[in-house]
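Novice: Please build the complete structure, drawing on both the sequences and the hints.
For reference, the chains in residue letters:
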Amino acid sequence: MSAQHPGMSRRDFMENLSTKLTLWLTLAATVDPMALLAEAQKDNDPTQHNYAMGVDIHKCIGCGRCAVACKEENHVPKEPMFFRTWIERYVVPIKGETHVESPNGGINGFNQVEDDKSILRTFFVPKLCNHCEQAPCVQVCPVGATFTTRDGVVLVDETYCVGCRYCIQACPYGARYLHPEEKVADKCTFCYHRITKGMLPACVEVCPTQARVFGELDKSSSPLLRFLRFNEVNVLKPWLNTKPKVFYAGADGEVI
Amino acid sequence: MMDLLATAGETLSGVTGYIYPNEYELHWSILIVVYPYLTGLVAGAFILASLERVFKVKALQPVYRLSLLGALAFLIVAPLPLLAHLGRPERALEMFLTPHTSSAMAMFGFVYAWYLMVVLLLEIWFDYRHDFVVWSNSSRGWRKIVYKILTLGATDISPKALAWDEKIGRVITIIGIPSAFLLHGYVGFIFGSVKANPWWSSVLMPIVFLFSAIVSGIAIILLLYLLMSLLRGRQIDMSCLNKLGEFLLYAMIVDFSLELLDFVHRLYESEESINILSQMISSRLFISLIVTQIIIGSAVPLVGLAVARFARMQDEMRRLLYFICAVLVQIGIFSTRWNVVIGGQLFSKSLRGLTIYKLELFGIEGLLVASTMLIMPFVILYVLSRVMPVWMGAKPRGV
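Going down the list, the protein sequences come from chains U and X. The opening residue of the first sequence carries number 1 in our numbering; numbering runs sequentially from there. The opening residue of the second sequence carries number 1 in our numbering; numbering runs sequentially from there.
The hints are simulated quantities; they were obtained by calculation from the structure and are not laboratory data. All figures in this text were calculated on a predicted structure; none of them were measured in a lab. Honestly, I wouldn't trust all of these hints.
As a list, the in silico DSS-like pairs of lysine-lysine whose alpha-carbon atoms are at most 25 Å apart [as the list claims (entries may be wrong)]:
#1 Lys195(X) - Lys237(U)
#2 Lys243(U) - Lys195(X)
#3 Lys144(X) - Lys183(U)
Cβ pair distances, simulated, as ranges [what the hints assert, rightly or not]:
#4 Asn44(U) - Gly366(X): 33 to 39 Å
#5 Thr101(X) - Pro180(U): 27 to 33 Å
#6 Pro389(X) - Glu181(U): 47 to 53 Å
#7 Glu181(U) - Val254(X): 43 to 49 Å
#8 Val92(U) - Ile356(X): 43 to 49 Å
#9 Gly366(X) - Val92(U): 39 to 45 Å
#10 Leu261(X) - Glu254(U): 57 to 63 Å
#11 Glu97(U) - Val254(X): 38 to 44 Å
#12 Leu23(U) - Thr101(X): 41 to 47 Å
A virtual CB, placed ideally from N, CA and C, is assigned to each residue, including glycine.
Specialist: Below, the structure is given as structure tokens:
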């Protein structure tokens, strides 16, 4: 013992202990636990948050880790026609039509582009639910199973959805699918179960290049505001007036 | 995993260009084609009945009751394809219990209920009440009990009571006309208000739906009248048949003009979706749009009806021509519904690619179920007409 704690005698130990005990007791007497709880609740008060995401197209390398992480985290069916998030590759030739592809949502990466002399540029675009402020999916749901939370996230109540698929038709971004087993509409939740605990969405967490930035629109300390401040951003299909809350830096008119 | 990849490969095979990954599955199947087709028949048949009742087109009197009962038979089946299509049909009632008021689909439930309960059932009851009383007195056994129940205890058939029935029936029909317009216009609105889909999103959609409904409703009653008269070995009232053919022709001219207007408007505006929509029309929808909807289902019967109505020929020939035209019109209107519902899902909302619809034979969303739902109204109509004969008791109005 003494070898491990050469400077601490029994007296020192007792004094140390009594000091700490006094400190704890004082704290316990002066700090109201209810106030602490209220403080914690205030932090989770949904009206105090307005979640959104930024995507920096210049940074995305099309590795597909985000799509993999999303499927793992949210138990998204593995078949290549169900995605909460996916990556598109745009190949813009010097002459001719832009070629877009997303094989298996980009999960297995992309084939090497051949004949690169004829190519003007290529880039990757991660896609997901835009959590629109004026979401057409929310508008059309006949039972209100799709709704916007007070912290600005569009969710589906899977215990209430009737599976009519009107929301899937109404989504301009192809962000929704019918869950093959549950037979209800499903889509990205911004990993609501994580963000409400102060964590990042899985796709943001795993992105190796920080192409995805998650944050809050109304908080000046949020990394998202920094992203919005230093980038010129677009949203997808702005003419539909859905007011998306996924902002793209570096996306030109090709990306819809 | 290999199975999954094989399935995926098979699914992907029909795709050209780029579609969003979640779009490989078509979400609204043939059942959703059947649904607007049936509601169209309801609205059309009812509007035909109201021509006789409100607008006093006396020549149509022989088909008045047939139109009403036909409308009821189609209306009873109309929600079934919707119900069968739901992922969770056990939650269907939530649309009535906790409707989301901003949803066009939720509000349709109320339009449907209004139409069924307030308009159609009431009108039929008031029209048949006198007969129910007479039949409950003259028949025996279970029929007597059924008719007794159907009178709902209102057995007064004094001239005063009958005059009141007539008056109320007329009021209900007057309410019924805008209701029928609402019913099918609303179905058009369900599609026309989807701004995400350039093939659907059109202010003309409810109006085009409405007129195509009138076309299909008149044509189906014309067909039923011909066939039922043939089966019963009765003489066909040619003035009635001619009137049906005439109204069918007029309705088709309006319907065809509206669809043409929609088409020209889209082509002339040439919005960003025009390329992919043109590709779709010239490939995936060529048969169902150009061939069956426009040529076989519209142009040919338009000419045929004009000839049958106005050219000199024997009645036998005229009847045959009407029959062929009415069948072609049904094919055309079904194609119209197909082209709206399925066509609206064959192109990607990325506007970069086309997918295909593989119609399955078996399964809840297959051809067999859809065909059954198309046959069911005729079975229901047969049963209804056994209990409430559509020919017996027909009497001139106001007598």
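Novice: If a hint holds in the structure, say so; if it doesn't, say that too.
Specialist: Okay, the hints, checked on the actual structure:
Distance restraint check for Lys195(X) and Lys237(U): the Cα-Cα separation of roughly 11 Å lies within the 25 Å cut-off, and the hinted pair is therefore satisfied. As the CA atoms of Lys243(U) and Lys195(X) are separated by approximately 14 Å, the hinted pair is consistent with the 25 Å bound. Proximity of Lys144(X) to Lys183(U) is assessed by CA-CA distance (about 47 Å); at most 25 Å being required, the pair is judged violated. A hinted range of 33 to 39 Å is violated for the C-beta pair Asn44(U) and Gly366(X), which are about 48 Å apart.
A C-beta distance of roughly 31 Å is found between Thr101(X) and Pro180(U), which places it inside the suggested range of 27 to 33 Å. Range check, Pro389(X) to Glu181(U): about 50 Å between beta-carbon atoms, so the 47 to 53 Å window is met. Distance hint for Glu181(U) and Val254(X): a CB-CB separation of about 47 Å, consistent with the stated range 43 to 49 Å. With their beta carbons about 27 Å apart, Val92(U) and Ile356(X) fall outside the hinted range of 43 to 49 Å.
The supplied range of 39 to 45 Å is met by Gly366(X) and Val92(U), whose beta-carbon atoms lie about 42 Å from each other. The hint said 57 to 63 Å for the Cβ distance between Leu261(X) and Glu254(U), and at roughly 33 Å that hint is violated. The hinted range of 38 to 44 Å is satisfied by Glu97(U) and Val254(X), whose Cβ atoms lie roughly 40 Å apart. Between Leu23(U) and Thr101(X) the CB atoms are about 58 Å apart, so this pair departs from the stated range of 41 to 47 Å.
When held up to the earlier numbered hints, the structure conflicts with 3, 4, 8, 10 and 12 and fits the remainder.
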